[in-house]
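Novice: So the sequence lines, in the order shown, correspond to chains W and E.
If you read the first sequence in our numbering, its first letter stands for residue 4, the second for the next number, and so on.
If you read the second sequence in our numbering, its first letter stands for residue 816, the second for the next number, and so on.
These are calculated hints, taken from the structure and not from any lab test.
A couple of the hints might just be wrong.
No more than 27 Å apart at the CA atoms, straight line, and that leaves these computed lysine-lysine pairs for DSS-like [claimed, not checked]:
| # | chain 1 | residue 1 | chain 2 | residue 2 |
| --- | --- | --- | --- | --- |
| 1 | E | 949 | W | 28 |
| 2 | E | 853 | E | 950 |
| 3 | W | 28 | E | 918 |
| 4 | W | 28 | E | 950 |
| 5 | E | 853 | E | 949 |
| 6 | E | 926 | W | 28 |
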Amino acid sequence: MQISHFGVAVLYALFASIVLGICFKTTTREMVRYGIYSFAMFVGGLIAAGWAMWLLRH
Amino acid sequence: MANSSKSVEQAAPLPSSMSVIAPAVGWLVPGAGHLVQKRYGRGLLLMASIVSMYMIGIAMQGHVYTPNGGDLLDILSFLGDACAGGLYIISRALDWNPGLITKATADYGSKFIVVAGLLNFISAVDAYHIAIGKKQ
């Protein structure tokens, strides 16, 4: 299986967010909200780290 | 004094068999700890996420660590892998370890396998919390 680096990171964020949302919150609404929040933080952090490395390189 | 300590002992709830069964089954089969407690939606989502993550890691030629790695990071990675329970046992039994790594993403695959194990551990702890009534 060959997935791009970005694809791998998004898959990681998706699976981890689902598990964290279910395990760390009590109600369904909180689980969904926390899952979405975790996913956004993972992907946002990924993009921010990518730009930070680009800035360091240039 | 003796009476008060006796009443405290009587008030303490006895651990149910589910508090042992749920985390054990949850460790062995991802999400099953929730399924045996009739949390079907959560259980299936956990199972799908953890099994998918583990299998994608294997498909990316990720390394399945053994206990006698020698290096400290290898030992920690083995602990993470072992938390995947049944998936780890199956992958060791069927020797899913790649011989010659031919893909650049193989290292990501190793991380996927370790993290799938760690997420399974969190899932098993959550099943325990449900079993003891700490969580609904």
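Novice: Run every hint past the structure and note whether it holds.
Specialist: Cross-check of the supplied hints:
Restraint check for residue 949(E) and residue 28(W): satisfied, since their Cα atoms lie roughly 12 Å apart, inside the 27 Å limit. Restraint check for residue 853(E) and residue 950(E): the C-alpha separation of about 14 Å stays at or below 27 Å, so the hint holds. Proposed proximity of residue 28(W) and residue 918(E) is contradicted: the alpha carbons are some 37 Å apart, above 27 Å. Using a Cα cut-off of 27 Å, the hinted pair residue 28(W) and residue 950(E) holds, with the two alpha carbons roughly 9 Å apart.
With a C-alpha separation of about 16 Å, the suggested pair residue 853(E) and residue 949(E) falls inside the 27 Å cut-off, and the hint holds. This hinted pair checks out: residue 926(E) and residue 28(W) have alpha carbons roughly 25 Å apart, not beyond 27 Å.
In the structure shown, a violation is registered for the earlier hint numbered 3 alone.
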